[in-house]
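Same order as they appear, the protein sequences are chains A and B. Under our numbering, think of the first position of the first sequence as 1, with each following residue one higher. Under our numbering, think of the first position of the second sequence as 1, with each following residue one higher.
It is worth saying that the hints were derived from the structure and are not from the lab. Glycine included, every Cβ here is placed at the ideal spot set by N, Cα and C. Treat the hints with care, since some could be wrong.
Reference excerpt, derived from the structure (chain A facing chain B, CB under 8 Å, subset only) [what the hints assert, rightly or not]: (1) I143; (2) L147; (3) V277; (4) L282.
Footprint (simulated), chain A over chain B, 3 or more residues, beta carbon under 8 Å [stated by the list, open to error]: (5) 13-23; (6) 293-305.
Okay, here's what each chain looks like letter by letter:
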Amino acid sequence: MAATPHTVDELTQSAPRARWFATIVNFIRQRPLGAIGATIILVMIAAAITAGFIAPYDPLATDYGAMIAAPSRAHWLGTDAFGRDVLSRILYGSRTALEVGFGAAILGATFGSLIGVGSAYFAGRIDLIVQRVMDVFFAFPVIILALTVVAVLGTGAGNVILAIATPMVPRCARVVRSSALSVREMPYVDAARACGFGHSRIILRHMLPNVMAPILIMATAFLGEAILLEASLSFIGLGVQEPTAAWGLMLRGAAVEFAETAPWMAIFPGLAISLAVFGFNLFGDSLRDALDPRLRTQ
Amino acid sequence: MGIYILKRLAAMVPTLLGVAVLIFVLLRVIPGDVVEARYLTQGSQFQSQELMDQERHKLGLDQSLWKQFTTWMAGLARLDFGLSMWTGSPITEEIKLRFALSLQLAVMASLLAQVLAIPLGILAAVKQDSWIDYAVRVFSIAGLATPSFWLGILMILTMLIVFHWVPPMVFTPFWVNPWENLAQLIWPALAVGYRYSAVGTRMMRSAMLEVLREDYIRTARAKGLWLKLILTRHALKNAVLPVLTVMSLEFAFLLGGLVVTEQVFNLNGLGMLFVEAISHRDYTLTQALVMLVATFFLFVNFFVDIAYAWIDPRIRYR
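With the sequences and hints as input, model every part of the structure.
The structure is reproduced here in structure tokens:
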């Protein structure tokens with residue numbers, strides 16, 4: 001009696017698990033670079049989640065007895081000018097990086113794709129006006145636009161997310177619009193309109209799912225860029241503020257001043273930034289190859 | 001073609017007007033103004049409401065927003081940027097040397113990037129899926145991932161530790177002392193150029209791969225044409241267009257977008273000037289900088305489109 005449900009249970013569970021496993025193995029075999037990227041991202045996410053357990057020190061705890069200490073057994077990656085442990089700050093810094101990265105990418109991609117699809121759907125004068133407004137935003141270099149938004153809103157993680165998302169909106173909107181233009185001509189959109197569905201239903205339920213591939217590609221590209229931009233803003237003191245652990249912030253001030261005698265302060269946080277963005281870029285490239293057959297050669 | 005050029009030039013006007021309105025409004029939304037910023041740095045003993053009102057009146061900040069905007073626009077139409085609210089000197093003077101520096105850096109970085117990107121991209125495409133291809137791709141993805149400012153710090157650090165030498169930190173214009181000038185600017189140009197070349201390399205590789213699959217390349221190969229000749233005469237000419245677009249757009253952004261790298265190398269370029277101007281709430285200078293950078297961007301875009309028609313005879317404009 002007990003044996004039959006057990007085997008049935010096992011059968012229903014093992015089938016999807018095996019398929020998942022096969023998909024993962026396939027992905028690793030076909031796109032080794034993408035798999036490396038995914039591994040880096042997973043390690044980073046794991047570090048962010050478990051930072052509280054694995055970090056050897058409190059990232060904010062100052063130790064004036066061990067200022068600018070070289071890497072040793074007590075402090076694997078050394079300490080900074082306030083005696084704070086560099087390794088712990090890098091581990092906690094991954095939280096800031098992921099928070100800002102995902103926040104800005106999701107925000108930018110969401111608004112960008114809604115504007116892009118809406119613009120393509122309504123066409124005519126609305127499309128024209130939206131495109132002209134986007135042109136205006138395009139004429140600003142990314143960092144100048146982000147800096148202006150920071151000046152308006154103030155510094156801090158939440159505002160930095162908004163500042164980084166702002167220049168991403170028009171770029172996402174332009175790419176999504178061009179895909180949405182062809183979706184708009186599909187018979188199912190006509191059919192939906194013939195059924196008397198509202199604009200928002202057609203946009204959200206019929207068009208948006210069909211332009212998901214470019215949106216996902218843009219969003220993963222934004223992730224890496226957002227992490228870089230956050231580091232840049234924090235580095236010039238207009239991003240995340242002390243004493244929060246953030247990679248860009250760790251490169252600021254003393255890290256440059258004492259670079260000659262204490263290079264660990266300047267080297268390790270920068271490595272963390274590069275590695276994280278490298279991982280997201282590798283993964284994003286593979287994702288684009290997988291999702292967009294037209295671009296497969298890239 | 002003539003009509004097309006005129007049309008394109010005319011289309012810039014509403015975009016620039018939009019940029020002007022946007023930056024004008026954004027600046028007024030930022031809390032505080034130049035008078036407050038100045039008294040804050042000079043200490044509170046100067047702070048009296050009367051003095052501040054007097055100062056605001058002198059700068060025209062007590063006028064209505066509409067009046068301020070039209071005055072600014074009227075000045076712009078005569079190519080008169082006005083005076084900096086912070087220093088009081090003409091904005092043209094403030095910007096001149098910094099513009100020269102930023103432009104030279106942008107040109108050097110983009111030359112370096114192209115020298116690196118085009119051959120690497122071609123090599124990776126020709127040797128697709130070999131270890132060379134993988135190495136080039138990893139090199140270029142790493143370029144996109146490395147923050148230029150950190151690369152700059154590492155460069156200075158390496159030179160300091162290995163050669164006990166630091167590049168000069170005071171800007172010398174090229175026409176004063178070319179050697180000194182290059183010794184300073186080559187490093188930031190390299191730091192920025194690496195990232196910039198990565199964008200180009202990836203584009204070059206994918207465009208080249210696409211072109212190499214075309215029939216006319218197979219024909220050229222079948223008739224026994226030299227590979228080098230096929231690549232340079234047949235393939236490169238057709239593949240270089242998208243690379244040109246991507247690299248020009250990047251170039252346009254380099255002019256005002258090097259805020260952070262400039263800080264590392266202690267360069268007083270337009271990016272640093274922008275950060276200073278906005279922290280001083282220097283409305284006139286910030287506005288002028290944004291308009292300059294936006295106009296530059298639009299013109300680069302415009303020249304790219306014209307160059308398309310010139311390089312590719314299949315493109316005709318109405």
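Against the structure, the hints:
Because the closest C-beta pair between I143 (chain A) and chain B is about 5 Å apart, less than 8 Å, the hint holds. Among the interface hints, the one on L147 (chain A) holds; its C-beta lies about 7 Å from the nearest C-beta in chain B, closer than the 8 Å criterion. Restraint check, V277 (chain A) versus chain B: the minimum CB separation of about 4 Å is within 8 Å; hint holds. Checking L282 (chain A) against chain B by beta carbon gives a least distance of about 6 Å; that is within 8 Å, so the hint holds.
Residue count for the segment 13-23 of chain B with a Cβ under 8 Å from a Cβ of chain A: 7. That meets the three needed, and the coverage hint holds. Under a criterion of three residues with beta carbons nearer than 8 Å to beta carbons of chain A, the stated coverage of the segment 293-305 of chain B is upheld, 4 such residues being counted.
In the structure shown, no violation is registered for any of the earlier numbered hints.
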